[in-house]
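Here's the letter readout for the chains.
There are 2 protein chains.
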Amino acid sequence: MMIKTLHLNRDKKKLELFLKKRQTDITEVMPVVERICEEIRINGDRALLKYTKKFDRWHAGKASQIKVTKKEMKEASRKVDAAFLKSLKIAKANIESFHERQKEGRKTWHQEKRGLIVGEKYVPLEKIGIYVPGGKACYPSTVLMNVIPAQIAGVERIIIATPPSPEGKINPYVLAAADTAGAHEIFKIGGAQAIAAMAFGTKTIPAVDKIAGPGNTYVAAAKLLIQQKTNVGIDMLAGPTEIVIIADEKANAGFVAADVLSQAEHGADSAAVVITTSGKLARDVRREIDKRIKEPDHSRVVRSDIIAKCLAENSIIIIVDTIDAAIELANRIAPEHLELQTARPWECMEKVRNAGAVFLGDYTPPSLGDYMAGPNHVLPTAGRARFSSPLGVDDFLKKTNFIFSDRMYLKQSQETIVRLAESEGFDAHAEAVRIRIEN
Amino acid sequence: MMIKTLHLNRDKKKLELFLKKRQTDITEVMPVVERICEEIRINGDRALLKYTKKFDRWHAGKASQIKVTKKEMKEASRKVDAAFLKSLKIAKANIESFHERQKEGRKTWHQEKRGLIVGEKYVPLEKIGIYVPGGKACYPSTVLMNVIPAQIAGVERIIIATPPSPEGKINPYVLAAADTAGAHEIFKIGGAQAIAAMAFGTKTIPAVDKIAGPGNTYVAAAKLLIQQKTNVGIDMLAGPTEIVIIADEKANAGFVAADVLSQAEHGADSAAVVITTSGKLARDVRREIDKRIKEPDHSRVVRSDIIAKCLAENSIIIIVDTIDAAIELANRIAPEHLELQTARPWECMEKVRNAGAVFLGDYTPPSLGDYMAGPNHVLPTAGRARFSSPLGVDDFLKKTNFIFSDRMYLKQSQETIVRLAESEGFDAHAEAVRIRIEN
Chain S
39 MMIKTLHLNR
49 DKKKLELFLK
59 KRQTDITEVM
69 PVVERICEEI
79 RINGDRALLK
89 YTKKFDRWHA
99 GKASQIKVTK
109 KEMKEASRKV
119 DAAFLKSLKI
129 AKANIESFHE
139 RQKEGRKTWH
149 QEKRGLIVGE
159 KYVPLEKIGI
169 YVPGGKACYP
179 STVLMNVIPA
189 QIAGVERIII
199 ATPPSPEGKI
209 NPYVLAAADT
219 AGAHEIFKIG
229 GAQAIAAMAF
239 GTKTIPAVDK
249 IAGPGNTYVA
259 AAKLLIQQKT
269 NVGIDMLAGP
279 TEIVIIADEK
289 ANAGFVAADV
299 LSQAEHGADS
309 AAVVITTSGK
319 LARDVRREID
329 KRIKEPDHSR
339 VVRSDIIAKC
349 LAENSIIIIV
359 DTIDAAIELA
369 NRIAPEHLEL
379 QTARPWECME
389 KVRNAGAVFL
399 GDYTPPSLGD
409 YMAGPNHVLP
419 TAGRARFSSP
429 LGVDDFLKKT
439 NFIFSDRMYL
449 KQSQETIVRL
459 AESEGFDAHA
469 EAVRIRIEN
Chain G
39 MMIKTLHLNR
49 DKKKLELFLK
59 KRQTDITEVM
69 PVVERICEEI
79 RINGDRALLK
89 YTKKFDRWHA
99 GKASQIKVTK
109 KEMKEASRKV
119 DAAFLKSLKI
129 AKANIESFHE
139 RQKEGRKTWH
149 QEKRGLIVGE
159 KYVPLEKIGI
169 YVPGGKACYP
179 STVLMNVIPA
189 QIAGVERIII
199 ATPPSPEGKI
209 NPYVLAAADT
219 AGAHEIFKIG
229 GAQAIAAMAF
239 GTKTIPAVDK
249 IAGPGNTYVA
259 AAKLLIQQKT
269 NVGIDMLAGP
279 TEIVIIADEK
289 ANAGFVAADV
299 LSQAEHGADS
309 AAVVITTSGK
319 LARDVRREID
329 KRIKEPDHSR
339 VVRSDIIAKC
349 LAENSIIIIV
359 DTIDAAIELA
369 NRIAPEHLEL
379 QTARPWECME
389 KVRNAGAVFL
399 GDYTPPSLGD
409 YMAGPNHVLP
419 TAGRARFSSP
429 LGVDDFLKKT
439 NFIFSDRMYL
449 KQSQETIVRL
459 AESEGFDAHA
469 EAVRIRIEN
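First to last, the protein sequences are chains S and G. Quick note: my numbering has the first sequence finishing at residue 477, numbered continuously throughout. Quick note: my numbering has the second sequence finishing at residue 477, numbered continuously throughout.
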């Protein structure tokens, strides 16, 4: 029941098989999710209360109770300790600094020549809904990573949806993070019903323009459905979290093992892949993982069963001949997280093409990036780093093209437009130019 | 059977009804599309040949014939006239100039402080598939608008899929445009089977990272499906084309009418909405449309039945009290195309929040933008301009976050990371920091 080791060249088939099984299947939950969404669309708050009672076991007397009050916010800030609040603020400052820089170059511009003006106008989205998982889980870092880029983009109204406890409470750490990050409203709703409520709008929940944030299969299915059935946007389709660690013979096996375990505690379906040029390191990493799991201290780690399952089923050590082969394999996997624990990490970085986020050197554990380095921790999964980017300011901004032409420029362009329009059989397109020039 | 006129204040209900019916429903075709995609996934080229025969009525002897040859490219360039080629080149130059400027600010950067380096690496996508509709339609402009931004982003391999005629031919205008724009390979495949082939890859068709380009309901359904079932990206979900024209009492009714007609010839399901402060202009526009439709010259326009249907069912003139009310309504509709035929179009532009592309003044017909002004003509539809942008260089680039920390920075950060990790119950995340500092 431990992490397996494969050789890139010797175990081609096994490796292919391992690399293939990475898609979350939402087909099974879709019929239920469709029913929930349809009911929210038709019955609004009434359906929302019904499903909150059913799934979150909270019986809210009326819809107005769904919104977190100022009093509740104050209570929460009293419940969390000063060290936590200080940590939030440090993290916030770093995340802000990164996303402020990211926003550079996102400014309205135009170019002008001989009577033609063309350009792009940048506008922040108006209303954003952010889903934050709840129940047993508590993710203040998710709140920061979603709300801060929206804030910096200039979104006017940022609402959070997060499921309540059976007593109708929201975790105080989540509320404190929402307050620190600058969310405008928080609603005690979860699951597919929360996504539908933010997409369609109810009397209590505002209809938003786009929904961001992670969630379970039901949430993922609801996001996919509303993207298909409504004109509300979503951030990305997120699969289970994953990491690839490239380590050479000089890497510290203890560090690698610790990062594998920190990846594994996310969930049994998360994946940790170590790619190394060193058979010795592979053995050392296995031994270190084994040692840590057996430590009495490890019993503290409530998630040890989850870790064991992740290691046995979704994790692997791959031995390759060269660092270049390691990077090539990582580019093919296009992992959410990529670590470069190699002698010359910046040289490797030059060759990295597909990854959500890269962690360079021995002293950059992913947990530094998860919580406070600044770059966003919402990253493309399941190979989507081949074509998509981490969450950021761009997800909360949009562009509008604009064009102005004077009569002279249009006249000069007439022949070109008419010729191209005619090739497509669009006579009225050509006519719209002619009438302006010939009258 | 003509375009109707409504008053914003008097006809609220009718207007709501009109504004609501804008979503393309792909539910009906989905089962067929699922079957086609699954067959392509399993049987590759064999299934591709089968469906090409079935839907495009072309019986290709073997899969290798699917690829357009250099000889065919040369033949095409002989078939198209010099004026067309010249027009293509002028359009290309403008489109390039706009997208080159758009790329500015998309450069790898980093910031450094006290042992922490964070940044973003920009990388072009590697393999792109572009769908170009075929059959009776012929859209060289679509080729330019999709291929050029991919080229400028630096995509290594740009392939085009476009359905063949029953003789296995591709329209020479499309081939000439593909050549001018710099596409690398062209395949004679269409419909859902083309999307599936580019997503899964077959012996003949390379598997791509992302698929762009417009198409019918089957193509749209296939794009949605592969986005859900595979880890291949898509550009956007496109609905029928639409325009909002804001016109004040000074606007030229003939110009407005011409633009309504040029919108209408796209298809019966396309929509033209005129919003005006002037009852007189509303009447004049109706009269001008009527006159044009009845002109003997109009019989030239093969699409007159399509135009009539679009005008009667999906188009409308709305009378409002003020230009501000017009802009507010346009922002709510968030149209693909927005025209500002007003006395002070730049002032109006300041207030435009949601639109794909804006055409300012009397001498900027949408056809100028469709073909050659430079900005992309692939625009968000069905209200998606509230949260998304026109196609552009950003769709063919992606970012990777990177983080480097030295031991000292990590040590200083330990408390913050540990406190936040503990609030989320992630002990191993905290441990990954501790082991690096305490050893």
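Do not rely on the hints blindly, as some may be mistaken.
Which copy is meant is left open, so a pair is good if it fits within one copy or across any two.
In silico lysine-lysine, DSSO-like type, Cα no more than 27 Å apart, as pairs [to be verified]:
| no. | residue 1 | residue 2 |
| --- | --- | --- |
| 1 | K241 | K112 |
| 2 | K58 | K267 |
| 3 | K52 | K141 |
| 4 | K127 | K105 |
| 5 | K151 | K42 |
No lab work stands behind these hints, which were simulated from the structure alone.
Broken hints, numbered, in rising order? 3 and 5
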